[in-house]
Amino acid sequence: MTLDPVTLALVQKRVDHIAERMGQVMLRTARSPIFNQSHDFSCFLTDGHGRLISQADGIPIHTGGGGLIVEAVLKFFDDIAEGDVFISSDPYVAGGNHLPDWVITRPVFIDGALFAFVCNRAHQSDIGGGVAGTYNPAATEIFHEGIRLPPLRLYERAQVRRDLWELLLLNSRCPDLLDGDLKAMLGSTQIGAEQMIELAQDLGAADRLRYFEGILDYADRRMRAAVSELPDGIYAGAEMSDNDCFEECEIWIRVIITKRGDTIHVDYTGTDPQIKGFKNSSISNTRSATYVALTSFLDPEIPRNEGTYRCVTINAPLGSIVNPRSPAPMTMCTVLPAHDMIHACWMALAQAAPDRACAGWGKVSHCNMSGKTPEGSTYVMYHWNALPAAGAVKGRDGFEQIGPLNSLGKLIVPNCETYEQLYPVRFLQHELRCDAAGPGQYRGGAGAIYRVVVEDEAEYAYRGEGQRTPSGYGVHGGGTGAAGSVEFLLADGTTWTPPQFGTGRLGPVEIRIDSPAGGGWGNPAHRDPELVLRDVRDGVVGVEAARALYGVELSADRRGVDVTATEQRRRSM
Amino acid sequence: MSLLPTEKPAFKAPWRIGVDVGGTFTDIVMVDRTGAIEVGKVPSTPRDPSEGVIDAIEVAATQFRISVHELLAGCNHFMHASTVATNIVIDGRGSRVGMLVTKGFRDSIEIRRGIRQNAWDHRTPFPSPLVPRYLRLPVAGRIDRRGVEIEPLSETDIRAAIEIFRTEKVTSIAICLFNSFLSDTHEQQAAAIIRNEMPEVWVTLSSVVSPTIGEYERSSTAVLNAYVAPSIVSYMRRLAEKLAERGLKCPFNVVQNNAGALTVDHLQHRAVALLLSGPAAGIGALGLYSAALGEPNLLSMEIGGTSCDVTLLSGGHADVASEFELGGYHVAMPSIDIHSVGAGGGTVAGVDRAGLLFVGPRGAGAHPGPAAYGLGGAEPTITDAQLVLGRLVSGPLAGGGRTLDLELARRAIEERVARPLGLSLEAAAAGMLRMLDQQLFHAVQKLSAERGYDPRKFILVAAGGAGPMHGSSVGRKLYSPAVYVPRLAGTFCALGMLNIPVKHEFARVHLGKLDGTTFDALRPAFEQLSAQANARLAADGFSGENAQVTREFDLRHRGQIGTLRISIADEDETDWRKVREKFLAAYQRSYGYRDTTSDVEIASIRVVGLGLFPAFSLGTSEATPGTSPAFTERQVYFEEAGGWTTAKVYQGRDLRAGATIIGPSIIHETTTLVIVGPGDVCSVDTLGNFIIRFDPPRVA
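Protein chains in written order, with the working numbering: chain F, 1 to 573; chain Z, 1 to 700.
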């Protein structure tokens with residue numbers, strides 16, 4: 001039986017509209033800066049079996065986990081009733097990606113039958129655990145990372161389970177924020193449920209499920225069409241982390257991508273075993289990171305639902321860093337090793353299609369800190385203004401400073417002025433680095449110089465992944481971006497480099513971070529000399545680097561290109 | 001150009017003139033002392049848009065058989081909006097701008113907070129910064145978080161920067177210092193030195209143009225202002241002079257994006273407020289219809305060739321958004337809340353490679369335009385679908401100077417939509433319209449339901465050249481009580497600008513808890529801002545009842561980023577609890593719940609000075625009910641009526657006040673075409689506009 005093509009197109013737009021609308025409600029009503037500034041949440045819809053229908057709202061690294069959460073709810077409960085609402089988070093038993101991401105799952109009934117689920121996954125401001133703000137770099141077991149939520153019934157037939165609600169608040173350092181944020185999550189799913197009921201009524205009982213099937217099939221076709229364009233072959237990629245959160249060592253993510261016809265198999269066999277620190281990846285997160293790598297490489301216009309990834313199979317060996325055994329800690333996974341997984345996949349895919357190759361993005365280096373406000377409540381500040389830079393692709397230089405790779409930069413860099421009002425800090429500098437960008441026909445992003453005075457005592461959580469080893473690899477002849485560096489100028493005048501991961505309490509300090517730069521795409525000697533001139537004038541590339549790396553000689557006043565000398569120099573390179 | 005109505009009654013001085021320069025057409029609207037309206041359209045003249053303005057006035061004068069001088073001398077109120085500023089930004093034709101920034105903070109406009117609309121699309125570069133880094137020059141000196149100087153401004157650094165600005169032939173300078181929203185002393189000091197040293201350059205202060213927290217948005221706004229001000233202000237001055245030479249005696253006002261007017265004298269620090277000002281003027285038209293209908297809640301969709309602008313009037317007021325984006329550049333400036341989507345007559349449809357129908361967001365533009373124009377466009381557009389379904393007819397297109405060719409439209413839809421989807425030609429065309437209607441519906445929902453307004457309580461105004469073709473179908477989806485179609489739908493904004501006041505806004509960031517102490521402490525600041533507003537209004541010639549000054553708070557719950565704008569009445573001024581109550585009520589409306597436990601926080605305070613022009617209303621004519629207007633018939637395709645059906649076709653001039661017709665019907669107007677869906681009842685009100693009601697009424 002065929003579907004009406006017009007209705008199918010209307011339904012696709014409509015489900016995306018519903019997810020986006022839920023996101024709007026969340027954005028405007030949530031309390032924590034992590035939602036209303038960083039958009040660290042995703043709203044999504046599944047069918048009655050937990051198959052993802054739309055996730056038009058949300059951050060990329062949440063892409064692959066939607067279905068797993070709902071599947072776990074369905075596995076735990078065989079008595080789901082109208083008016084029930086569920087909440088869950090645990091990566092080992094509940095299909096979660098990491099503990100701070102709590103998911104509200106609201107079943108939608110029509111004519112008494114379960115029809116769909118509307119969900120909101122959101123990173124809570126605090127869930128207990130070893131350190132305020134959900135990231136505990138000292139964790140060696142998941143038990144150190146906060147409260148674990150199996151699928152729980154938060155509302156029973158439209159009645160809130162007060163005892164459970166109190167239990168949740170009691171386990172947070174920021175119960176007020178948590179309370180407000182949970183209400184915002186519930187509100188957004190309520191709006192989503194109402195809209196899904198309307199959609200179901202408009203489609204009618206006979207057709208509604210067929211059209212869901214139709215949009216999944218459509219995404220499947222789009223993805224297969226994009227995959228088919230790559231040449232068949234076996235492509236390998238590998239990315240390294242230089243630490244396990246406790247010691248310097250080499251931790252490798254290895255991937256083999258086999259592309260055949262319109263299918264892709266991603267095999268992480270050969271990846272190192274799970275590690276002591278909290279950079280292990282849940283299977284949900286491994287799926288998401290893989291999907292981010294594939295979709296961002298291929299065609300970002302493809303709708304992202306269950307159908308999209310039917311042609312993709314993933315093998316993540318149990319006990320490895322990409323699929324650890326319980327109780328390995330893993331809160332950092334959405335950032336790391338997500339970044340390494342995306343890099344490894346991108347490196348493999350670059351061999352298949354060099355024109356589409358993506359140079360490496362800098363890895364995070366900034367710390368978080370927490371302390372007490374004058375009124376006595378707990379604040380958590382992320383030093384986002386030290387975010388790294390992006391790598392280049394053909395046709396664009398790397399973004400000079402951008403949100404982490406796992407969100408493809410969706411996270412927004414704060415204004416320093418706003419942070420001076422919210423936290424006990426005084427900013428000294430927030431500017432681009434010079435001679436850090438990976439050279440290339442398209443160069444990497446420059447990264448940032450970040451200097452800030454913290455005026456009060458505070459508790460620090462370090463996450464200096466990119467502070468030692470360069471992470472912005474170059475592609476297709478492009479060069480590597482510079483590593484980052486992190487230094488603290490202490491009150492006694494000495495400087496100190498914090499460990500890459502760890503926690504500690506410090507009095508007033510000056511933090512100095514040079515954030516990691518992005519990699520370049522293509523041979524730097526092919527870069528338009530006028531762009532090199534502009535970079536030199538802008539102070540992002542030095543005169544020496546222009547000559548040595550790009551083969552560009554400037555005129556005596558450094559306001560023009562010496563064309564003859566440049567041609568000569570480039571011939572000899 | 002054609003003026004309406006065709007037989008010309010004597011136009012009674014003094015009259016108001018509004019001129020709206022758009023991308024394709026320049027519209028002129030005149031309203032005389034009795035409220036009689038005349039409108040006209042001439043092609044815009046992009047090279048020097050002021051020519052188009054003068055053209056429109058000359059043609060209007062010819063129609064009246066009076067001289068241009070008489071026409072302008074008889075005008076007591078002249079309003080102007082144009083896309084000139086917008087085009088300068090889009091085409092990258094602005095001034096060479098230099099920036100003075102606080103040492104250590106050169107790069108906010110280049111980092112631009114990393115904001116991208118679509119995260120997944122990581123291959124598209126940012127638009128390049130309007131000021132290159134080598135012209136963003138650092139100055140030592142620092143204001144701290146309380147607004148106190150902790151390091152004096154370095155005059156040496158400023159002089160060094162001036163040398164570079166001179167060498168680099170910078171013509172406009174934006175001064176964007178850190179924390180200047182708390183204290184503008186450093187920016188003022190720097191400006192004084194620059195004005196002294198470089199009297200010929202334009203100077204923009206971020207603390208004046210956008211006194212808001214956030215170095216990125218404030219700097220971006222100041223830079224855009226510096227970028228457009230030299231050309232836009234000179235252009236407006238030239239135009240004002242040209243008009244004065246030709247006899248205009250009243251002030252020459254321009255429309256800002258807050259739907260307030262401003263004289264050219266005040267434009268230097270408000271040039272950026274002219275970006276997107278055209279659609280904001282539509283609010284003035286909603287005000288007129290609101291008064292005439294006795295209906296305070298209106299939602300409008302103004303649909304043109306490529307886009308649809310949605311605006312909303314609630315309780316007689318429009319919501320204000322605190323920032324907008326143009327060409328990827330951010331502007332932090334209070335503006336009428338407008339939601340624009342790429343949906344119009346020229347919106348392109350097709351089938352993607354996996355077999356799914358798409359409609360938009362791309363448009364075919366003026367060239368080649370819809371396939372039916374015969375200008376080489378092969379892609380089917382909404383206009384082509386309307387033609388294939390018999391809503392539009394072959395031949396000259398109303399108000400556009402274009403000719404439609406049915407065969408070309410049929411071929412485009414057949415080849416690009418019907419055949420790939422395995423649909424009949426009509427089903428394909430009707431599907432395109434359904435897709436567009438759903439997008440319009442979502443756009444209207446976004447500005448209403450998402451902002452906490454129930455669209456079922458709003459009359460839908462369908463304006464713009466293409467709006468009246470979608471009013472009936474979108475109104476049905478929205479459960480609108482009625483759809484209002486202005487007869488002059490094509491000149492909605494030009495009419496609207498005749499009904500907006502002069503507006504001066506003064507704001508100051510003030511962060512603190514809303515309580516009695518803060519409330520009292522803020523009184524002197526309010527007094528100061530009010531004095532500024534009053535002085536401006538007095539300079540513009542407004543006093544007494546015509547000068548209205550209101551105070552506002554931007555409030556939020558602690559921890560939130562977005563604020564709600566709460567206007568305070570005189571009686572609230574002594575009691576902060578009343579202000580808090582107003583906020584809680586507004587919050588509940590917007591977000592569906594009331595939170596009485598958490599603190600309410602002040603983000604900023606604002607004073608708005610309005611200079612009110614004498615009220616005016618549109619002329620009415622007495623309704624003569626029971627008349628049976630003449631009509632012809634033609635076959636029109638309505639999906640909801642099962643396909644091809646006989647529709648009555650009316651000429652707009654035959655439909656006088658009081659007339660009532662039943663759909664399916666088509667009304668041909670000079671600048672638009674109105675579709676009355678099957679079973680819908682359309683009546684003509686005393687203004688001569690159309691009201692479409694659903695029978696039976698739509699009840700959700």
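Calculated directly from the structure, the hints in this document are not laboratory data. Check the hints yourself; a few may be wrong.
What the hints assert, rightly or not - Within a straight-line C-alpha distance of at most 30 Å, the following computed BS3-like cross-link-like pairs (lysine-lysine) qualify: (1) Z:K582 <-> F:K13; (2) F:K183 <-> Z:K457; (3) Z:K249 <-> F:K183; (4) F:K183 <-> Z:K513; (5) Z:K513 <-> Z:K578; (6) F:K183 <-> Z:K446; (7) Z:K582 <-> F:K183; (8) F:K372 <-> Z:K12; (9) Z:K457 <-> F:K13.
Unchecked claim - Listed next, the stretches of chain Z that the computed footprint assigns to chain F, with coverage defined by at least 3 CB atoms under 8 Å from CB atoms of chain F: (10) 131-141; (11) 412-426.
Cβ coordinates follow ideal geometry from the N, Cα and C atoms, glycine included.
A quick look at each hint next to the structure:
{"no.": "1", "hint": "Z:K582 <-> F:K13", "in the structure": "violated (37 Å)"}
{"no.": "2", "hint": "F:K183 <-> Z:K457", "in the structure": "holds (27 Å)"}
{"no.": "3", "hint": "Z:K249 <-> F:K183", "in the structure": "violated (59 Å)"}
{"no.": "4", "hint": "F:K183 <-> Z:K513", "in the structure": "holds (23 Å)"}
{"no.": "5", "hint": "Z:K513 <-> Z:K578", "in the structure": "holds (15 Å)"}
{"no.": "6", "hint": "F:K183 <-> Z:K446", "in the structure": "holds (22 Å)"}
{"no.": "7", "hint": "Z:K582 <-> F:K183", "in the structure": "holds (22 Å)"}
{"no.": "8", "hint": "F:K372 <-> Z:K12", "in the structure": "violated (71 Å)"}
{"no.": "9", "hint": "Z:K457 <-> F:K13", "in the structure": "holds (25 Å)"}
{"no.": "10", "hint": "131-141", "in the structure": "holds (count 3)"}
{"no.": "11", "hint": "412-426", "in the structure": "holds (count 3)"}
In this structure, the hints that do not hold are numbers 1, 3, 8, in rising order.
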